[in-house]
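With chain A fixed as given, assemble chain B onto it according to the hints.
Residues per chain, in single letters:
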Amino acid sequence: MKLPIFLDNHSTTPMDPRVLEAMLPYFVEKFGNAASRNHAFGWAAEEAVEHARKQIAKLINADGKEIVFTSGATESDNLALKGALEMYKEKGTHIITSSTEHRAVLDTAKSLEAKGLATVTYLPVDKYGMVNPQDVQNAITDKTILISVMLANNEIGTINPIQEIGKIAKAKGVLFHCDATQGVGKIPVDVQAMGIDLMSFTSHKIYGPKGVGALYVRKRNPRVRIAAQMDGGGHERGMRSGTLPVPLIVGFGKACELCEQEMATDAVRLSKMRDRLQTDIMAALEESYLNGHPTNRLPGNLNISFAYVEGESLLMGMKDIALSSGSACTSATLEPSYVLRALGVGTELAHSSIRFGLGRFNTDEEIDYTIKKVIEIVTKLREMSPLYEMAKEGVDLKSVQWAAH
Amino acid sequence: MAYSDKVVDHFNNPRNMGSFKKDEEGVGTGMVGAPECGDVMKLQIKVQNDTIVDAKFKTFGCGSAIASSSLATEWLKGKTIEEAQKIKNTDIVQELNLPPVKIHCSVLAEDAIKAALTDYQKKTDAQSTDTK
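Chains A and B, in that order, are what the protein sequence lines are. For what it's worth, this note's numbering labels the leading residue of the first sequence as 1, then goes sequentially. For what it's worth, this note's numbering labels the leading residue of the second sequence as 1001, then goes sequentially.
So here's chain B without its partners, still in its complex pose:
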């Protein structure tokens, strides 16, 4: 099976690979997948004034899974929370030209985005209750 040039590029030059401290202010962390299934994605966002100013990922998985999460971090940067909610796995499939057997990688990336956003919301909600 041949990989698309974009998948190869993200795999060879991953964007925003790394981690934020989970308890850092404004950081939301999403971890999805399972080692037994052969892929685990960790996606993190850093939010300031409702805008995602930075994003990072770490992924255990095939080349397409790594590329999907790398692309997701690229797309997240600069988006508002609301805009980020709208990223769909089909957008990732299209951009990376993923074959049918690799669609689950894009689904996982969308799940990771949603999980990171949810985690961020939970953290900020908890903080605002604290201050009240």
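If we strip away everything but chain A, and leave its shape as in the complex, we get:
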């Protein structure tokens, strides 16, 4: 076993060597511009791109023509929200989204609001982080043009009832955008069955290269249009200008093909490892709390709060395991995770959370090591924690008058 261990597969994933192999010819030999229509270099590039489009579309049950390449999911989210609003603003300017969306959706919505271009409803989630479809239904007005709800949450892995939301959107004639960045390639996604009109996803979360993503844009029933947010050569059916990064797209395509073939077996293996990680850690450590849905979650996701210890110190104590925490000390904003706060997790437990993200290349041996390390460091830090000491003495921490600073 090699150290350090990578257990942060929600942030990014290592590239599958098979993906790299597929990409290699497209750097030096087949370097053409896919938009060059008049020579063999361009044709070879175009052919590779069209093949990748099909591989990607197949994974989500779409048509290759419905795939618009972008630089990644952040751009896809921006393009979906801003592009749809600009295109349909005559119909209305109301957008519905949820409070636990990724910042790429939330901050885009907030920016549209701040500019006075849209009004936005942020739906609450239940204690597991799920959006209630009934809330979506109730929030729709005659001015609503777009619903944007994520497939699976990046922190807690909870999977939303996308199909039901899709049905509501369809019945009301409202466009439905889904940020599926964490879900595509991990769980089955079918844009037809789920009633999705626009969908963001990216290559580097599914063992493909960084720097390429896609926006699925439905072509029929209904034909969805979005206004381009960048002017230029009119690539991607006029929706996203810019020369296509052919090697990245080839890699993205290959990554999708591999996911399509291996997703089911990967999911079984990852769930098993994840369940063992969860059971062993939580059995050994009292007052550890699972964040997110107990069953309806991504196969590789586990998010636990360890009462009385702070997240960043936990990460520091496990230097040879790459993990992530919802603690304020690890965020740029100095606020603890807004996702955990939205579930009703107390601030102190949000500070104490650790996210484990398992991926294709993790092994049982690595999980054994992680279980041992987590138990060791939590125990050590609790010994060091005045809060744990007080709790053991029977002090109700909520009744203490803290000198906030």
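There's no promise every hint is true.
Here are the simulated DSS-like cross-link-like pairs (lysine-lysine), alpha carbons at most 27 Å apart as the crow flies [to be verified]: (1) K392(A) / K1079(B); (2) K170(A) / K82(A); (3) K1021(B) / K398(A); (4) K210(A) / K170(A); (5) K392(A) / K1021(B); (6) K1046(B) / K380(A); (7) K1086(B) / K1123(B); (8) K91(A) / K210(A); (9) K1006(B) / K392(A); (10) K30(A) / K65(A); (11) K1022(B) / K398(A); (12) K82(A) / K167(A); (13) K91(A) / K58(A); (14) K319(A) / K1006(B); (15) K272(A) / K170(A); (16) K58(A) / K167(A); (17) K1077(B) / K1006(B); (18) K54(A) / K65(A); (19) K319(A) / K2(A); (20) K89(A) / K172(A); (21) K1077(B) / K398(A); (22) K1123(B) / K380(A); (23) K1046(B) / K1006(B); (24) K30(A) / K54(A); (25) K30(A) / K82(A); (26) K1086(B) / K380(A); (27) K398(A) / K1114(B); (28) K319(A) / K373(A); (29) K143(A) / K115(A); (30) K373(A) / K1006(B); (31) K1079(B) / K1006(B); (32) K1123(B) / K1022(B); (33) K372(A) / K398(A); (34) K1021(B) / K1086(B); (35) K1021(B) / K380(A); (36) K272(A) / K2(A); (37) K1077(B) / K380(A); (38) K1046(B) / K392(A).
These are calculated hints, taken from the structure and not from any lab test.
Here is chain B on its own, set in the frame of chain A:
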């Protein structure tokens, strides 16, 4: 963000981690911070003849908070009450090479020192009034 070697050393080998009994003679206890803010420090001193003979800490917080309080206990030992009053958060920042986002950890450690000293003074004042 990379931690300085000194922060890592204090984190891995905390000095004087533990507790005194609060009601023990000569013990002053300072508890500062709040769980909602992500850090709570408990710092205790044991004083004999106006000199701090021992110090202990327990900290809930990030690595820098743990290191700041560990360092504080090291510095307190052997100092007189008057000398201990003069420990500044900037000294801790310098010694541990704390980045700007972690300066609040050093402020908290200074507050904890002040709180422990105040608690000790209060206790001894109360005792001397009792004996009068």
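Right, here's what the structure says about each hint:
1. K392(A) / K1079(B): With Cα atoms ~32 Å apart, K392(A) and K1079(B) exceed 27 Å; violated.
2. K170(A) / K82(A): holds, 20 Å
3. K1021(B) / K398(A): Holds. K1021(B) to K398(A) sits at ~22 Å (cutoff 27 Å).
4. K210(A) / K170(A): violated, 33 Å
5. K392(A) / K1021(B): holds, 15 Å
6. K1046(B) / K380(A): holds, 24 Å
7. K1086(B) / K1123(B): holds, 21 Å
8. K91(A) / K210(A): violated, 36 Å
9. K1006(B) / K392(A): violated, 31 Å
10. K30(A) / K65(A): Holds - the C-alpha atoms of K65(A) and K30(A) are around 23 Å apart, at most 27 Å.
11. K1022(B) / K398(A): Holds. K1022(B) to K398(A) sits at ~21 Å (cutoff 27 Å).
12. K82(A) / K167(A): Status holds; Cα separation ~23 Å.
13. K91(A) / K58(A): Violated: K91(A) and K58(A) sit about 32 Å apart, past 27 Å.
14. K319(A) / K1006(B): holds, 16 Å
15. K272(A) / K170(A): Violated, at about 36 Å.
16. K58(A) / K167(A): holds, 22 Å
17. K1077(B) / K1006(B): Since the Cα atoms of K1077(B) and K1006(B) sit roughly 19 Å apart, the hinted pair holds (cutoff 27 Å).
18. K54(A) / K65(A): With a Cα-Cα distance of about 8 Å, the restraint between K54(A) and K65(A) holds, given a limit of 27 Å.
19. K319(A) / K2(A): holds, 13 Å
20. K89(A) / K172(A): holds, 17 Å
21. K1077(B) / K398(A): It is violated: about 33 Å lies between the C-alpha atoms, which goes past 27 Å.
22. K1123(B) / K380(A): Violated, at about 32 Å.
23. K1046(B) / K1006(B): holds, 25 Å
24. K30(A) / K54(A): Between K30(A) and K54(A) the Cα gap is close to 19 Å, so the pair holds against 27 Å.
25. K30(A) / K82(A): violated, 35 Å
26. K1086(B) / K380(A): violated, 32 Å
27. K398(A) / K1114(B): holds, 24 Å
28. K319(A) / K373(A): holds, 10 Å
29. K143(A) / K115(A): holds, 18 Å
30. K373(A) / K1006(B): Roughly 23 Å separates the two Cα atoms, so the pair holds.
31. K1079(B) / K1006(B): The hint holds at about 22 Å.
32. K1123(B) / K1022(B): Answer holds: K1123(B) to K1022(B) is near 11 Å, not above 27 Å.
33. K372(A) / K398(A): violated, 31 Å
34. K1021(B) / K1086(B): holds, 26 Å
35. K1021(B) / K380(A): holds, 21 Å
36. K272(A) / K2(A): holds, 21 Å
37. K1077(B) / K380(A): holds, 24 Å
38. K1046(B) / K392(A): holds, 23 Å
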